[in-house]
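Asker: Listed below, chain by chain, are the residues.
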Amino acid sequence: MSCNNSGSNSANHPEETAEVPPMPWFGMDIGGSLTKLVYFEPMDIPPDEQDLEVETLKNIRRYLTNNSAYGNTGHRDAHLQMNGVYIGGRKGILHFIRFPTSEMPNFLDLAKSKGMATLASTVCATGGGAYKFEQQFLNEVNMTLHKFDELDSLIRGMEFIEGYCSSECYYWENPKDDDKCRKVTFDFSRPYPFMVVNVGSGVSILVVTGAGKFRRVTGTSLGGGTFLGLCCLLTGCTSFEEAIKLAAKGDSTKVDKLVKDIYGGDYSKFGLNGDLVASSFGQMNLEERREAVSKEDLAKATLVTITNNIGSITRMCALTEGIERVVFVGNFLRVNTISMKLLSYAMEYWSGGALRALFLEHEGYFGAVGCLLELMRTSNGDQSES
Amino acid sequence: MEGPVSSKNSDRIASLPLHDYTEVFRNLSNARRFAIDIGGSLTKIAYFSTVSHRRVTLKHPDEQGPELSPTSPSKSNGSEEESSPKFETNLVGNDNKIIKATGGGAHKYTNLIKEKLSVEVDKEDEMTCLIKGSNFLLKNVSDEAFKYDKTRKNKEYQFQRPTRNIFPYLLVNIGSGVSILKVDSEEQYNRIGGTATGGGTFWGLGSLLTGKTSFDELLDLAEIGDHRNVDMLVQDIYAGSLTKLGLEGDTVASSFGKCMLDKTFDKADLVRSLLFTIANDIGQISSLYALRYGLKKIYFGGYFLRNHPVSMSAITFSVNFWGKGEVEGLFLRHEGYVGAIGAFLIGMEDEQDGSWAENFIGSSGHLCASGPGSSDILSSIERLEIDKLEPIGFFPLLKSSCDYTPDTLDLSSDAEARDYWLQCFQAWIDKVPMRAIESQQNTPSALDRALRCRQKLLARFQLLKTYPFAYGTLSVRSLLDTIEQTLREYDFPDPYLAQKQLENSVAISEFEARIQYLDTLDDPVLELIEEVSQILEGPDNFGFADARNKLQSRPWLIDGIDAWKDRIQNGPPHKCVIIFVDNSGYDFVLGALPLVRWFLQRGTEVIISANTNPALNDMTFAEMLPVLEQISEKPFTGKPAAQSVRPAETS
Numbered sequence: 001m002s003c004n005n006s007g008s009n010s011a012n013h014p015e016e017t018a019e020v021p022p023m024p025w026f027g028m029d030i031g032g033s034l035t036k037l038v039y040f041e042p043m044d045i046p047p048d049e050q051d052l053e054v055e056t057l058k059n060i061r062r063y064l065t066n067n068s069a070y071g072n073t074g075h076r077d078a079h080l081q082m083n084g085v086y087i088g089g090r091k092g093i094l095h096f097i098r099f100p101t102s103e104m105p106n107f108l109d110l111a112k113s114k115g116m117a118t119l120a121s122t123v124c125a126t127g128g129g130a131y132k133f134e135q136q137f138l139n140e141v142n143m144t145l146h147k148f149d150e151l152d153s154l155i156r157g158m159e160f161i162e163g164y165c166s167s168e169c170y171y172w173e174n175p176k177d178d179d180k181c182r183k184v185t186f187d188f189s190r191p192y193p194f195m196v197v198n199v200g201s202g203v204s205i206l207v208v209t210g211a212g213k214f215r216r217v218t219g220t221s222l223g224g225g226t227f228l229g230l231c232c233l234l235t236g237c238t239s240f241e242e243a244i245k246l247a248a249k250g251d252s253t254k255v256d257k258l259v260k261d262i263y264g265g266d267y268s269k270f271g272l273n274g275d276l277v278a279s280s281f282g283q284m285n286l287e288e289r290r291e292a293v294s295k296e297d298l299a300k301a302t303l304v305t306i307t308n309n310i311g312s313i314t315r316m317c318a319l320t321e322g323i324e325r326v327v328f329v330g331n332f333l334r335v336n337t338i339s340m341k342l343l344s345y346a347m348e349y350w351s352g353g354a355l356r357a358l359f360l361e362h363e364g365y366f367g368a369v370g371c372l373l374e375l376m377r378t379s380n381g382d383q384s385e386s
Numbered sequence: 001m002e003g004p005v006s007s008k009n010s011d012r013i014a015s016l017p018l019h020d021y022t023e024v025f026r027n028l029s030n031a032r033r034f035a036i037d038i039g040g041s042l043t044k045i046a047y048f049s050t051v052s053h054r055r056v057t058l059k060h061p062d063e064q065g066p067e068l069s070p071t072s073p074s075k076s077n078g079s080e081e082e083s084s085p086k087f088e089t090n091l092v093g094n095d096n097k098i099i100k101a102t103g104g105g106a107h108k109y110t111n112l113i114k115e116k117l118s119v120e121v122d123k124e125d126e127m128t129c130l131i132k133g134s135n136f137l138l139k140n141v142s143d144e145a146f147k148y149d150k151t152r153k154n155k156e157y158q159f160q161r162p163t164r165n166i167f168p169y170l171l172v173n174i175g176s177g178v179s180i181l182k183v184d185s186e187e188q189y190n191r192i193g194g195t196a197t198g199g200g201t202f203w204g205l206g207s208l209l210t211g212k213t214s215f216d217e218l219l220d221l222a223e224i225g226d227h228r229n230v231d232m233l234v235q236d237i238y239a240g241s242l243t244k245l246g247l248e249g250d251t252v253a254s255s256f257g258k259c260m261l262d263k264t265f266d267k268a269d270l271v272r273s274l275l276f277t278i279a280n281d282i283g284q285i286s287s288l289y290a291l292r293y294g295l296k297k298i299y300f301g302g303y304f305l306r307n308h309p310v311s312m313s314a315i316t317f318s319v320n321f322w323g324k325g326e327v328e329g330l331f332l333r334h335e336g337y338v339g340a341i342g343a344f345l346i347g348m349e350d351e352q353d354g355s356w357a358e359n360f361i362g363s364s365g366h367l368c369a370s371g372p373g374s375s376d377i378l379s380s381i382e383r384l385e386i387d388k389l390e391p392i393g394f395f396p397l398l399k400s401s402c403d404y405t406p407d408t409l410d411l412s413s414d415a416e417a418r419d420y421w422l423q424c425f426q427a428w429i430d431k432v433p434m435r436a437i438e439s440q441q442n443t444p445s446a447l448d449r450a451l452r453c454r455q456k457l458l459a460r461f462q463l464l465k466t467y468p469f470a471y472g473t474l475s476v477r478s479l480l481d482t483i484e485q486t487l488r489e490y491d492f493p494d495p496y497l498a499q500k501q502l503e504n505s506v507a508i509s510e511f512e513a514r515i516q517y518l519d520t521l522d523d524p525v526l527e528l529i530e531e532v533s534q535i536l537e538g539p540d541n542f543g544f545a546d547a548r549n550k551l552q553s554r555p556w557l558i559d560g561i562d563a564w565k566d567r568i569q570n571g572p573p574h575k576c577v578i579i580f581v582d583n584s585g586y587d588f589v590l591g592a593l594p595l596v597r598w599f600l601q602r603g604t605e606v607i608i609s610a611n612t613n614p615a616l617n618d619m620t621f622a623e624m625l626p627v628l629e630q631i632s633e634k635p636f637t638g639k640p641a642a643q644s645v646r647p648a649e650t651s
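Protein chains in written order, with the UniProt record's numbering: chain A, 1 to 386; chain B, 1 to 651.
If you are wondering where the hints come from, they were derived from the structure by calculation, not from laboratory data.
Check before you lean on any hint, since a few could be wrong.
Pairs of lysine-lysine, DSSO-like flavour, derived with a Cα cap of 27 angstroms [stated by the list, open to error]: (1) A:K269 - B:K139; (2) A:K112 - A:K58; (3) A:K213 - B:K324; (4) B:K267 - B:K150; (5) A:K269 - B:K123; (6) B:K147 - B:K399; (7) A:K254 - B:K212; (8) A:K269 - B:K297; (9) B:K465 - B:K155; (10) A:K260 - B:K108; (11) B:K296 - B:K324; (12) B:K263 - A:K245; (13) B:K296 - A:K269; (14) B:K114 - A:K260; (15) A:K245 - A:K183; (16) B:K263 - A:K249; (17) B:K575 - B:K565; (18) B:K212 - A:K295; (19) B:K97 - B:K116; (20) A:K132 - B:K263; (21) B:K114 - A:K269; (22) B:K97 - B:K114.
Coverage of chain B stretches by chain A, computed from C-beta distances (three or more under 8 angstroms per stretch; other residues unrestricted) [to be verified]: (23) 197–203; (24) 208–222; (25) 270–281.
Partner residues are not named here, just some residues of chain B that face chain A (Cβ under 7 angstroms, in silico) [to be verified]: (26) H107; (27) S254; (28) C259; (29) R292.
C-beta atoms are modelled at their ideal positions from N, C-alpha and C, and glycine is treated no differently.
Kindly produce the complete structure, drawing on both the sequences and the hints.
Answerer: Right, dumping it as C-alpha cells:
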C-alpha cells in the first residue's frame with residue numbers, strides 16, 4: 001500500500017541512531033494461532049556497505065522480498081507493504097508476513113536452511129509464543145528472543161503506523177446497506193482517548209488515554225479462535241479464509257432465533273426490533289431445522305454470534321469508560337468485511353450514533369511492528385557476547 | 001426469552017395418567033385463579049385455592065375438654081405448581097373465566113386454551129411477570145435466593161434471608177436468549193440489555209456438535225467433559241513460563257481455540273466447553289451491566305440454569321472474576337416459577353399483603369428434582385406450595401430485622417449436627433401414629449392417616465439427609481415446621497393435644513403447693529438458679545445424670561446466668577419483661593407462672609408470649625388463655641392487676 005509519508009512524521013521517526021542492532025531487523029508477534037512477522041528491508045544501502053553485507057543476509061533479504069508465499073502456509077501481505085519508512089536511522093521498506101503458529105517447526109527449519117544461525121542476532125518478539133518457543137529459537141537458529149510486552153508493542157505499533165499512513169484508519173459508512181456501504185478514511189491524527197479491541201484468538205480490550213498511556217479493561221475468550229474452532233467443527237473447513245468464504249454465502253437467520261420468531265413481531269414494550277437475534281443458534285435444537293441448514297448458514301451464524309458478542313462487550317466498556325471511538329484490530333478482521341460491517345452497525349445502533357467503530361489497514365501486525373521498534377531501543381550488548 | 005414448546009414435549013404431556021396429576025395438582029378442585037407460563041421447555045401453572053383443615057377449638061374449661069372441630073374453618077393457601085399437564089375441561093370450574101398467560105409460547109397456544117377450556121386468555125408481558133414473580137419470591141419465601149460456590153465443600157449453598165429491602169437489583173433471565181433487567185422498585189424496571197448467546201445457543205450448538213437433542217442430555221454430557229481439551233488455555237500459548245509472569249495457566253485464552261486443528265474431539269469435552277463459554281460470557285456481560293449501574297446483586301434465572309450445579313458454578317466463577325468483588329451472583333430456588341407467579345399476581349396486588357410461607361410438604365425440593373437421571377415424568381414435575389398466613393411482623397425490639405437469624409444451628413453445612421437432629425426427629429416420628437391416634441380416639445380414619453403421615457415424614461427426612469439444601473437452610477425450626485405441616489396435612493392439627501391437657505391439669509393442681517413452697521424462700525429466683533446449677537453441676541441426686549452428661553460445663557456458648565443474677569440482685573426492678581413460654585404442663589404452670597408472679601410482685605409488667613400454632617408439646621396461645629384464667633382464680637396468685645399480664649402470640 002502507499003503511505004503518504006508527510007514531512008512532519010518522518011522527521012520524528014529517524015530514531016536514536018547511535019547504536020542499532022545488526023541486520024536483519026525483525027519484529028515478531030507469536031500468537032496462539034498466527035505468527036506475525038515484520039521485516040525491515042533497508043533501501044539506503046550505500047555501495048560500500050552492500051559489498052560488506054554478508055551473503056546470508058542478502059539471501060534472506062532476497063528470499064523474503066521476492067516471494068509472497070513461503071511454503072504452504074506462510075504469506076506476505078504485499079498490499080500492506082510500507083515504503084520509505086525510517087527506522088533506526090535507516091530508510092527502507094516494511095514487509096508484513098504471517099504464518100500459523102502451528103508451523104513454527106517448519107519456519108525454524110527454513111530459517112536454518114537459509115543460514116540464519118550464522119548471523120547471531122536478536123529478534124524482538126511478543127505474544128505467548130515468545131516464551132513458548134524461546135528455547136527452540138536459540139537452539140535451532142541461534143537467535144535470542146528479546147521479549148516485549150504484548151500490549152505495549154500493540155499500542156506502540158499502532159501509534160507508529162498511524163503516524164506514517166494518513167489513510168491507515170477508516171470506517172464503514174452505511175454498514176447495513178450493501179449498495180451504499182463504503183469504506184471511508186478517518187482522520188485519526190488526534191486520537192485520544194480511544195479504545196482498542198484486539199481480536200486475535202481471544203480478545204483484549206484496552207483504553208488508550210495518551211501516547212503510550214493505556215490500560216487493559218477487559219477481554220473475552222470468545223474471539224477469532226472460537227470462530228475458527230467452531231466453524232471447523234460445524235462445517236469441516238480447515239482455514240480461516242475458507243470459513244469466511246463459507247460465511248459470506250450463508251444465511252444466519254435460518255440458524256438463529258429472531259425476536260419475531262418468538263413474539264411474532266417486535267417486542268415493543270422494551271423496544272426490541274423483530275429482526276434482532278434473540279438467540280444465536282436458537283433454532284438448532286430442532287432436528288428438522290438442523291437438517292435444513294447448510295454449512296454456509298452455520299459458518300455465517302458462528303461469525304455473527306462471535307462478532308455480536310464482541311460488539312456487546314465492547315459497547316458496555318465504551319459506555320462505562322465514556323469513550324466514543326473504538327478501534328478494532330487483530331487478524332479476526334482480515335478479509336472479514338462481514339464482521340467489520342456488523343460491528344460498525346452494532347456500535348452505531350445501540351449507542352444511538354454516539355459510538356464509532358474504526359478499523360486499521362494493518363489490522364493484525366501492530367504487535368510485530370511494536371517489537372521491531374523495541375528492537376531499535378535495545379542495546380546491542382547482549383549480541384556482542386555471542 | 002423463551003421459545004415455543006416443542007411438539008415432542010406435548011406428546012409426553014398427553015400421556016400423563018390421571019391419578020398422578022391429581023396427586024400433583026393438590027387442591028385443584030377449589031382453585032379460583034389460574035396463570036400459565038408456557039416456556040421454551042416447560043410449562044408452569046400457578047393457582048390459588050382454599051383448603052380446609054381440621055382445627056382444634058378450645059372450649060371454656062368449664063365445658064368438657066377440647067374438641068376437634070369437624071366443620072373446620074378454612075385456611076387460604078396459595079399454590080404454585082409446575083408441570084406439563086393436559087387440562088381437563090372439568091377441572092376448571094365456572095368461576096374461572098380468565099386465565100393469565102405468559103411466556104414465549106403464550107401467543108402460540110392462546111387459541112388452543114380458549115377452545116378447549118372456553119375461557120378468556122389474558123396475555124401478560126413476560127418480563128413484567130418475571131419481575132413481579134421474582135419480587136414476590138424474594139420478599140416472601142425464606143431462603144429463596146442463594147449463592148452457589150462448589151469450592152466451599154458442604155457449604156456450596158449460602159442462602160439469603162428474606163427481606164423487604166430487595167431493590168435495586170439486576171435480574172438476568174437466561175432463556176433462549178438473555179435479558180438483563182434493572183429492577184428499581186415494584187413499579188420501576190427496565191430491560192437495559194441482553195445478549196443472544198443464551199440457553200438456545202447452548203441447546204442449538206450443543207445439538208449440532210454432539211447429535212444429542214435433549215437439553216438434559218447435553219447437561220449430563222457437560223458434567224463429565226473437560227473443556228481443557230478443546231479450549232486454548234493461556235498455558236497452551238505460553239508453555240512453561242507462567243509463574244514468572246503471574247498468569248493463571250488454566251485461564252481460557254480462546255474458547256474452542258484448539259478445534260481448528262484437524263482432529264476429532266470428545267463430545268463431552270465440547271459440550272463442557274460450550275457450557276463454560278456461554279455461562280462465562282453471560283456472567284461477564286451481566287457484571288459489566290451491574291458495575292455500570294452500581295448494582296450489587298444479580299439474580300440469575302431462566303431455563304438454561306434450572307439450578308444445575310455445573311451451570312451455576314460457571315456463572316458464579318464468572319461473576320466473581322468480572323465483578324471484581326463488587327457484585328454478587330445469586331440464584332433463586334424457585335426460578336422456574338417466577339413467570340407463572342408473576343402472571344398470577346398481576347391484578348391482585350392488593351391481596352399480596354400478609355405473610356406467606358413455603359409449605360414444605362406441598363413443595364418438591366427443587367435442587368434435587370432437577371438433578372440428572374430424573375427421567376420419569378412424575379419425578380420431573382416440580383411443585384411449590386406457598387401458604388398465605390395471617391400477617392406476621394418482626395419482633396419490634398430486634399436491632400435489625402433484616403439480618404436476624406432465628407436459628408443457632410445451620411444443619412445444612414454442619415453434618416454432625418444434621419445427623420444428630422435428623423436422628424432425633426426420626427425416633428420421634430416413629431411414635432407419631434400413637435400420639436396422633438390418641439389425639440383423635442373417636443375418629444376411625446385416624447390410624448390410616450397416621451401411618452401415611454409417618455411414611456411421608458420418613459421419606460422426607462431421608463431426602464433431607466441426601467439433599468440438605470433442598471428447602472433452603474436446614475434448621476431445627478424448618479424440621480419442626482415440616483413435621484407440623486405434615487401433621488396438619490393429614491388432619492392431625494395437634495397430636496399432643498390430649499397429653500398437653502392432661503399435663504396442664506395435673507400441674508394446675510400442684511400450683512398452690514408450689515407457690516406455698518416458693519413463698520418460704522427469701523429470694524426464690526436466685527435460690528432456684530442456684531438449685532438448678534447444683535443439679536447440673538453437682539452430684540447426681542435427681543437422676544439427671546443423662547442430661548448432665550450431654551451438657552458442657554460452664555461457661556456455655558451463650559451464658560448470661562451471672563449477668564442475670566447480678567441484675568436481679570443489684571439492679572432496680574424491671575419495667576417490663578417478656579417471657580417466651582415453651583412446654584405445657586410443669587414447665588409452664590410450675591416454672592414460668594411462678595416466675596411471672598414473682599415479677600408482678602416486684603412491680604414489673606409481664607408479657608407472656610406463646611406460639612400460635614402447635615409444635616410438639618409446646619404451649620399454644622389458645623391453650624394458655626384458659627390456663628391463665630384458671631390460675632388467676634386461685635387464692636395464692638396474689639391477684640395481680642389483670643392488665644399487667646399481656647399474653648402475646650408468636651409464630
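Asker: The structure should be examined with respect to each hint, and the outcome stated for every one.
Answerer: Do the hints match the structure? See the list:
1. A:K269 - B:K139: Judged against 27 angstroms, a Cα distance of about 26 angstroms means the pair holds.
2. A:K112 - A:K58: holds, 15 angstroms
3. A:K213 - B:K324: Holds. K213 (chain A) to K324 (chain B) sits at ~23 angstroms (cutoff 27 angstroms).
4. B:K267 - B:K150: holds, 24 angstroms
5. A:K269 - B:K123: holds, 13 angstroms
6. B:K147 - B:K399: holds, 25 angstroms
7. A:K254 - B:K212: holds, 20 angstroms
8. A:K269 - B:K297: The given pair, whose Cα atoms are some 24 angstroms apart, holds under the 27 angstroms limit.
9. B:K465 - B:K155: Roughly 15 angstroms between the alpha carbons, so the hint for K465 (chain B) and K155 (chain B) holds.
10. A:K260 - B:K108: It holds: about 13 angstroms lies between the C-alpha atoms, which stays within 27 angstroms.
11. B:K296 - B:K324: Judged against 27 angstroms, a Cα distance of about 11 angstroms means the pair holds.
12. B:K263 - A:K245: holds, 22 angstroms
13. B:K296 - A:K269: Holds, because 26 angstroms separates the two Cα atoms, which is no more than 27 angstroms.
14. B:K114 - A:K260: Within the cut-off at roughly 23 angstroms; holds.
15. A:K245 - A:K183: Distance ~20 angstroms between K245 (chain A) and K183 (chain A) Cα, so the pair holds.
16. B:K263 - A:K249: holds, 26 angstroms
17. B:K575 - B:K565: holds, 17 angstroms
18. B:K212 - A:K295: holds, 19 angstroms
19. B:K97 - B:K116: The hint holds at about 13 angstroms.
20. A:K132 - B:K263: Holds. K132 (chain A) to K263 (chain B) sits at ~22 angstroms (cutoff 27 angstroms).
21. B:K114 - A:K269: holds, 25 angstroms
22. B:K97 - B:K114: With Cα atoms ~10 angstroms apart, K97 (chain B) and K114 (chain B) stay inside 27 angstroms; holds.
23. 197–203: Check passed, 6 qualifying residues.
24. 208–222: holds (count 4)
25. 270–281: holds (count 4)
26. H107: holds, 6 angstroms
27. S254: The hint holds - S254 (chain B) has a Cβ within 7 angstroms of chain A, the shortest such distance being about 3 angstroms.
28. C259: holds, 3 angstroms
29. R292: holds, 5 angstroms
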